[in-house]
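Undergrad: Counting along the sequence shown from 1, when you hit position 92 you're at 92 in my numbering, and nothing is skipped either side.
Simulated from the structure, these hints should not be mistaken for lab results.
For glycine and all other residues, C-beta sits at the position ideal for the given N, C-alpha and C.
Fair warning: there could be bad hints in the mix.
Below are the EDC-like pairs computed for lysine to aspartate or glutamate, each with C-alpha atoms no more than 20 Å apart in a straight line [what the hints assert, rightly or not]:
1) Lys28 <-> Glu103
2) Lys28 <-> Glu83
3) Lys100 <-> Asp2
4) Lys88 <-> Asp11
5) Lys98 <-> Glu79
6) Lys98 <-> Asp11
7) Lys98 <-> Asp2
8) Lys70 <-> Asp2
9) Lys98 <-> Asp29
10) Lys28 <-> Asp11
11) Lys71 <-> Asp2
12) Lys78 <-> Asp29
13) Lys71 <-> Asp29
14) Lys71 <-> Asp11
15) Lys78 <-> Glu21
16) Lys78 <-> Asp2
17) Lys100 <-> Asp29
18) Lys98 <-> Glu83
19) Lys88 <-> Glu103
20) Lys16 <-> Glu79
21) Lys78 <-> Asp11
Label-pair ranges, simulated between beta-carbon atoms [what the hints assert, rightly or not]:
22) Leu9 <-> Leu85: 15 to 25 Å
23) Lys28 <-> Trp91: 31 to 41 Å
24) Lys28 <-> Thr93: 30 to 40 Å
25) Asn27 <-> Trp91: 26 to 36 Å
26) Asn27 <-> Thr92: 13 to 23 Å
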Amino acid sequence: FDVVISIGLLDYVNPKTVLLECKRVLNKDGFIIFTLPKRPSIFFFLRGYLGNLIRKNLLDLPHIENIANKKGLYSLIKECGFEPLCIKSVWTTMWVVKAKNSEDKLGPNLPSTKA
1 FDVVISIGLL
11 DYVNPKTVLL
21 ECKRVLNKDG
31 FIIFTLPKRP
41 SIFFFLRGYL
51 GNLIRKNLLD
61 LPHIENIANK
71 KGLYSLIKEC
81 GFEPLCIKSV
91 WTTMWVVKAK
101 NSEDKLGPNL
111 PSTKA
């Protein structure tokens with residue numbers, strides 16, 4: 001794939017597992033765009049409380065597990081073999097990330113593509 005887009009998925013699943021799978025399916029010059037809840041956020045506690053009420057009573061969704069600060073998010077992206085191009089805060093509640101597949105850094109447990 002040239003691009004993988006993930007909006008809202010990484011809130012609920014292991015982000016490292018997903019990013020490594022995205023790396024596997026991306027072309028060598030591919031990009032990933034994704035969102036992840038932001039910490040710190042002025043809405044962090046309110047979102048947790050109201051979100052739990054809505055999820056429990058209306059939608060039966062799982063609790064949001066993955067919340068990142070900018071430094072931790074940058075480290076995760078690099079660790080998974082991507083080059084961060086843009087990490088932006090949106091509405092003080094989430095990060096929007098664009099990263100490029102990095103051939104030099106393959107991420108853990110991925111075989112080398114170089115001969």
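Undergrad: If a hint holds in the structure, say so; if it doesn't, say that too.
TA: Quick rundown of the hints versus the structure:
Our distance criterion of 20 Å between C-alpha atoms is met by Lys28 and Glu103, whose separation comes to about 6 Å. Distance hint between Lys28 and Glu83 is fulfilled; the C-alpha atoms sit about 12 Å from each other, no more than 20 Å. Our distance criterion of 20 Å between C-alpha atoms is met by Lys100 and Asp2, whose separation comes to about 10 Å. A distance of roughly 16 Å separates the Cα atoms of Lys88 and Asp11; the hinted pair therefore holds under the 20 Å criterion.
For the hint pairing Lys98 with Glu79, the CA-to-CA distance comes to about 15 Å; that is within 20 Å, so the pair holds. Restraint check: the Cα-Cα separation between Lys98 and Asp11 comes to about 17 Å, which is no more than 20 Å; the hinted pair holds. Under the criterion of a C-alpha separation no larger than 20 Å, the hint pairing Lys98 with Asp2 is consistent with the structure, at around 13 Å. For the suggested pair Lys70 and Asp2, the alpha carbons sit about 25 Å apart, so the restraint of at most 20 Å is broken.
About 13 Å separates the Cα atoms of Lys98 and Asp29, which keeps this hinted pair within 20 Å; it holds. Restraint check for Lys28 and Asp11: not satisfied, since their Cα atoms lie roughly 26 Å apart, outside the 20 Å limit. Taking the CA atoms of Lys71 and Asp2, the gap is about 26 Å. The hint is violated against a cut of 20 Å. A distance of roughly 15 Å separates the Cα atoms of Lys78 and Asp29; the hinted pair therefore holds under the 20 Å criterion.
For the hint linking Lys71 to Asp29, the alpha-carbon distance of about 24 Å lies beyond 20 Å, and the restraint is violated. Distance hint between Lys71 and Asp11 is fulfilled; the C-alpha atoms sit about 17 Å from each other, no more than 20 Å. A distance of roughly 14 Å separates the Cα atoms of Lys78 and Glu21; the hinted pair therefore holds under the 20 Å criterion. Among the hinted pairs, Lys78 with Asp2 is consistent with the structure: their alpha-carbon atoms are about 19 Å apart, no more than 20 Å.
Among the hinted pairs, Lys100 with Asp29 is consistent with the structure: their alpha-carbon atoms are about 7 Å apart, no more than 20 Å. Taking the CA atoms of Lys98 and Glu83, the gap is about 9 Å. The hint holds against a cut of 20 Å. Between Lys88 and Glu103 the alpha-carbon distance is near 24 Å, which puts this suggested pair outside the 20 Å criterion. In summary, the hint linking Lys16 to Glu79 is supported, as the alpha carbons are separated by about 9 Å, within the 20 Å threshold.
Annotation: proposed proximity of Lys78 to Asp11 holds, straight-line Cα distance about 19 Å (limit 20 Å). With their beta carbons about 20 Å apart, Leu9 and Leu85 fall inside the hinted range of 15 to 25 Å. The given range of 31 to 41 Å is respected by Lys28 and Trp91, whose C-beta atoms sit roughly 33 Å from each other. Range check, Lys28 to Thr93: about 33 Å between beta-carbon atoms, so the 30 to 40 Å window is met.
A beta carbon spacing of about 31 Å between Asn27 and Trp91 agrees with the range 26 to 36 Å that was offered as a hint. For the pair Asn27 and Thr92, the supplied restraint of 13 to 23 Å is violated, since their beta-carbon distance comes to about 34 Å.
Checked against the numbered hints given earlier, this structure breaks hints 8, 10, 11, 13, 19, 26; the rest are met.
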